[in-house]
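> The hints should help you fit chains L and S onto chain H, whose structure is shown.
Chains as they are written, first to last, in my numbering: chain H, 1 to 366; chain L, 1 to 475; chain S, 1 to 365.
Just so you know, the hints here were simulated from the structure itself, not pulled from any lab data.
There's no promise every hint is true.
What the hints assert, rightly or not - Straight line, CA to CA, 25 Å or less: simulated DSS-like cross-link-like pairs of lysine-lysine:
(1) S:K189 <-> H:K82
(2) L:K324 <-> L:K216
(3) S:K75 <-> L:K223
(4) L:K324 <-> S:K66
Unchecked claim - To list a few chain S residues with every Cβ distance to chain L over 12 Å, as calculated:
(5) R108
(6) F227
(7) A265
We put the beta carbon where it would ideally sit given N, CA and C, even for glycine.
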Amino acid sequence: MDAGNEINVRGKQRFTPRLILLSILVPLLNLGVHTLIFLFFRDSGLPPMFNALLAVIWGIFGIYSIYFSLNWVVEQYPDKWKERVTPYVFVGPAVLLLGWLLFLPTLRTLYLSFFNADSTKFVGLANFGAVFTDRLLLTALRNNLMWVVIGTLACVILGLLVAVLADRSSFERLAKAIVFMPMAISFVAAGVIWKFIYYYQPGDEQIGLLNAIIIQFGFQPQGWLSMVQPWNNLFLIVILVWMQTGFAMVIFSAAIKGIPEDMLEAARMDGAGEIRIFFKIMLPVISGTVLAVTTTIIVFTLKIFDVVMIMTGGQYGTEVVATEFYRQLFMYQNAGYGSTLAIVLLIAVIPVIILNVRQLQKGGNL
Amino acid sequence: MKRKWKKNGSMTLMMVLLFSVVMSACSGNTGTTNSSQTGTEGTGNPAATTTSGADLIKTAKVPAGSELEKALNGEYKGKKVTMYGPFVDADEQKFNASIKAFEEATGIDIAYEGSKEFEATINVRVNGGNAPDIADFPQPGLLEGFVKSGKVIDVASFMPDDYMKQQYQQSWLDMAKMAGPDNKDITAGVWARSSVKSLVWYNKAAFEEAGYTVPKTWDEMMKLTDQIAADGDPAWSVGIESGAATGWPATDWLEDIMLRTTTPENYDKWVSGELPFTDPIVKNAVTKMSDIWFNEDYVYGGRSSIVTTNFGDAVKPLFTDPPKAWLHRQAGFIVSFFPEGLPADQYDWFPFPSIDEKYGTPALISGDIYAMFNDRPEVRAVMEFFTTAESLQSWVKSGGVTPPMNGTPDDWFANDQERRMSEFVQTADTIRFDGSDLMPGSVGAGTFWKGMTDYVSGTANLDEAMQEIQSGWKK
Amino acid sequence: MRKKAKAPRRKGHWLVNLILGIICVVWFIPTLGLLISSVRPAADILQTGWWTVIPHRQWESVSQIKLDRETDLRKPIQVNGQTFQDDQLKAGVEVGDQRLIWENRRSRTVDVQEKKWGSSTNFTLQNYETVLGGKEYKITQPDGTVQTEQGSGMGRSFWNTIAVVVPSTVIPIFIASFAAYAFAWLKFKGRKAFFIVVIALLVVPLQVALIPILRDYTALGLNGTYFGIWMAHTAFGLPLITYFMYNSISQLPKDLFESAFMDGASNFTIFSKLILPLSVPALASICIFQFLWVWNDYLVSLIFLGSQPEVQVLSMSIANLVGSRGSDWHLLTAAAFVSMLTPLAVFFALQKYFVRGLLGGSVKG
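The shape of chain H in the complex, shown without the other chains:
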C-alpha cells in the first residue's frame, strides 16, 4: 500500500487521475469494508455455529479479495511500474504482519536483554555472562544441544527411511497414516500417552509399559523421567521423534514421488543396487527438501518447550532453554534473563540461516 502511494507521487506524469484515485480508493475501501465486518462480528451475538461459519467465510474470502483488488489496481499501472510494484504487493502483507507482530517484539527483546530484571538499569553484557555461567542454565544449554543433534538426526533419518520404504511397500497409505498420526495429537494428549509408557509407581503392579517390560526381564522398575539422569533427556527426545517423524516423512515422501521414474530406471538398467540408487541419485535430487526439513526440525528442537513442560516441568535436570526462558520471563518476572535466553536461541540459529541463504543464492537466480 505504502509503496503504491509513493510511486504515485514520483511517477505522476504517466498516471491518469483515475489510476491515482483507484490507488487510494481501493486500499481504503478494503480497510473500510473489513472494519465494518469486524465490528459486525464483535458486536453480534450470533450462536457459535453461525458465528464460526461466517467467520470462516469472511476470513477466507476477505484475504483473497484483498490480494485480488490490490493486484487489479497494479495491473492498471504502466508496465514499468507494474513490474516494480507487483513484488511489493505480493510480499507486502507478509512483511507488514511479520514486522509488526514478530520483528519489532524481537528487537524489543534484544534491547531488554541488556537491562536488569525489571528493565530499569542498563547492565551491558552481564546477562549473557550470567547465562553462560549459571549451572542450571548451562544444563539447559547442554540439554538443548542434545535435543538439536539427536532429535533432528533421528527425525530426519527415520522420516527418510519410512518415506522410502513406504514408497516400495504394499501398504503405503496405512503406514503413512500410522506414522503421521502422532502429529495430530496435542502435546497434552501426548503427555498422557507417554505417561502410560514411562509411568513408575511403588509396588508390584506397574501401569507403565516400559516398566512392565523390564520387570518381565527381571529388572527393577525405574522412574524413567526423574531418577535416570541424564538419560531421562533421551526418553523425552523419543517423544519428540515419535511426534515429528511424521512431518519429515510426509515432506520426503512428496519429494521422492517427484523423482522422475526414468532416472531411477536408467540406474537400475546399469545394475545399480537400491541402496546405491538411494545415495547416488535420490539423495542429491531431494537435497533441497532435506535441507528444508532439517532446518525446520532444528528450529523446532531449539525451541522445544511443550514436551519438556508437560512431561517433567523442566525438573530432574531436563530443563531446556525455552523452559528456562519461560520461567525467567513470566514466573520470575526477570525480563533481563528471559530476553537474553531468547537472543541465545537467535544466535544459535545463525549457522542454519547462512546455509539457507547460500541455497537461496544458488537457487533463486531468475
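For chains L and S alone, coordinates are given in the frame of chain H:
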C-alpha cells in the same frame, strides 16, 4: 484440479459436520451451564430456601456509605467486573455458586475466568495493558512485583481501617501490606481464601482398629512411625511431583519443621532472605525431614517414589484396604483428593506435632489474595463483598476451604474436621504464612522447588542443594 | 502416463514390508494404549496396565490361608509346613505351580494363586460421556441443599475452535504463498534481507511477542476478537510457511515461467493459475501442519481470546477438564482421542494431494 479440490473440501466439511453432530448428540446441551436440583441430600429447611440472595447479603456487616451498600441498593445494576484466577473445574463451580446471591442482589456480573496457566499469563495480561479488574493470587510473592510497579490499587484507599480490622485478624492485614512504587506500604488486596498446611491426615477407622494413638510430640510421632514400621508397613506416604511445580510439598514440610525448630523471628528472616539456606538452622530442619523421608522403612515406595508420586496421588495409599501407608502431611485442600464418597468419619487429622516445646505447635497457612487492578465503583463493591464470609458460603459448605475472614458461623462447615481447622488457626501459638509463597518467584517458585527436588532425588547433596536454592536470591 | 511409469516399480518386497511393519507397530503402540485406556473405567486405568485387556496368563487367587494373628513377621514364617521370609511373601513365592503372596499382611492372610488365562475386560463409555457432555459437580448451596451443576460440554468450544482454526490456516498460507512466489521468482530491492529476517524469525519463541502484541491489541480494540487471533496465528505461522512454500515454489522449473510470460500472463495469473495448482502437495502438507498447530494451541488463544466459556477453544476446555485434580487420566484419554478426530479427518481428506501435482517429475536441480 480445481474440481477435485472442491470435492475434497466438501468431504472435509462433511466429516467435520458429522463429528459435530455426534458431539452435540452426545452432549445434549451445547455448552450452557444448566443446573438441576437434586436436593436429596439437602438438609436446609424450606424457610431457608425461600430466603432471597439480597437478605443473605444484608446479614453481612456492610459499612454504611460504602460502594457495597450502593451496589446492594442496585446502583451498579448491569455492570460487569472481570476476574482472573488459577482455579478451574470444581473450584470454579463452587466459586460461582458462592457469588450467585451477590450477583442476583446487585445486578453486577462477576465474570470469572480461570486458567491453570495463571501464574505465567497474569504477567502478560497486566503488562500488556489488559489486566482483569480483580486477580486471584495464590502466591503473594507473585503479587509483590505488580505492587512494586504501581499496577495494583491500594484497597485501603476506600476500605476504612476499622472495617478491615473487624473483618480480619491483624496478622492477615499485616501480610497484605506490600511495598508500593515509592517504597511505601500499601494494602495490596483482600484475603479471600486460606488453607491450613500443618495437618497430618490419617485413616481414622484403620488407625483405631490397629490401636494407634494420635501423637502429641515429634518424639511420639517418630515412635509411632517406628511402631508402624515394626508392624510391617511404611508409616508415611509422601509425593512431591506436581508438573512444573514439582517440589512444593517438600518446601511445605521444611517450613513446618523450621517453625518448630527455630524462632518465628528467624523464620521471618529466612523468608525475607536475611537468613540464608546454607545456615545451620535451615540445614538442621532439612536433616530432620530427611530422617523420615530417606528411611526406606518409613516411606511408602521409598525415596525414589517420593519424586515420582503426584502430590494428589500420595494420599491414596492411606485409604486402600488394608492401608499401604498410614500418615500423610498435607494442607486442608487434600480432602478433595480423597477417594470419592469417603464418609467424613473415616478420616481425620492431627496437627503436625511440636518438636521443641519452646516453639509450641505453630500453624503454617497459605491463602489467596485478591488484588485489584482497575478502580471503578462496582469493582470496589465487589472487593468489599469479598471481605465478607458470605462470599465463600457455598465453598465452605461444599468443603475444601477455610475462610480467612472473621465471622464464619460454625454450622457452615461441611464437617467437624473442617471446623477444627479453622479453630486450629485461631488458637495456634504462632501463625506463619507459607514461606515459599512469600519469597520472590525466582526462589519461592524456582530454586526452592528445584533444589528440594534435586536433594530428594539424590542429584544434589544437602550442601549443594542449599547453595543452589540460595543462588535464586541474587539478582 | 505417470500411472504407466509407476507400474513396473518393484512393490512389496518382503524385507521392505517387514521393516516398515515393525516401525509401524512401534509407532502405533503408544496410540493404541491411549485408545484402550479411553474406554476403561477410571479405577482400572490407575490399577492395571492397558495391555492387560489382551488375554494373557496371570496369577489368580484360588484359596487363602489365615495364619496366626500373632505371627512374628521378622522371623521365618510357617505356611503349609514350609518356611518363608517376609520379603519372599511380599514379592510372591512360587511353590510348584502355585504362588504364595500376602493378601493382607496385617491380618496375616496369605493368598494362594494359580496361573490362569485372563484379561481385564471392563469397558465403559463413561469417559466419553463426561468429556462431551460436561462434568457433574455437587455443590452445597447457601441454603444447605446440594445441587448438581453440569459443567459445559465441548460443543461450544468445538465451534469456537473451528472459527479460530480455519481462517488461521488459510490466511497465512495465502499470504505466505504470495510472498514465497515473490522471493523465488521476482526481483526486488530488499529480497535477500527480507528472506534472512524471515528465516531468523523462525526461531523466535512466540512468547517474546505476547506482551507487545497484547499492548497494541488492547489499544486497537482487537483483543478477544477472532480477527485479532487470526492475525496473531498468521504472524506466528508465517515464517515457517513462507520458508516452506519458498522451498517448494523455487524448485519449479524455470521454463514454465518463461513460456507463461511469453504468452503475456501477469504475475497474478501465473501465481493463481500455474503456481498454486502445481504446489498442491506442498500446500496440502503445510495446510495440515498449520491446522494442527493452531488446533492444539493453548497459550496464544488464552492470551488473545481468554478462557471464558463463550470464547474458549477446545484445548482449553480439555485442560480445564483435568482441573484441579491433576490425575483425571481417564478423562484426558477420552478428551485426547476426541480432539484427535478432526485433525485426522483433515489428514485423510488431504492425503491424496501429498503426491506431486501434474508436472510432478520436474525438479529443478
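> Now, for every hint given, state plainly whether the structure supports it.
The hints, checked one at a time:
Only pairs whose Cα atoms come within 25 Å are accepted, and S:K189 paired with H:K82 is accepted, the gap being roughly 15 Å. Distance check on the hinted pair: L:K324 and L:K216 sit about 23 Å apart at the alpha-carbon level, within 25 Å; holds. A distance of roughly 22 Å separates the Cα atoms of S:K75 and L:K223; the hinted pair therefore holds under the 25 Å criterion. For the suggested pair L:K324 and S:K66, the alpha carbons sit about 19 Å apart, so the restraint of at most 25 Å is met.
Here S:R108 does not stay apart from chain L, with its beta-carbon only about 10 Å from theirs, under the 12 Å limit. With a closest Cβ-Cβ approach of about 16 Å to chain L, S:F227 is found to remain outside the 12 Å limit, as its non-interface label requires. With a least CB separation of 17 Å from chain L, S:A265 remains clear of the 12 Å interface cut-off, as annotated.
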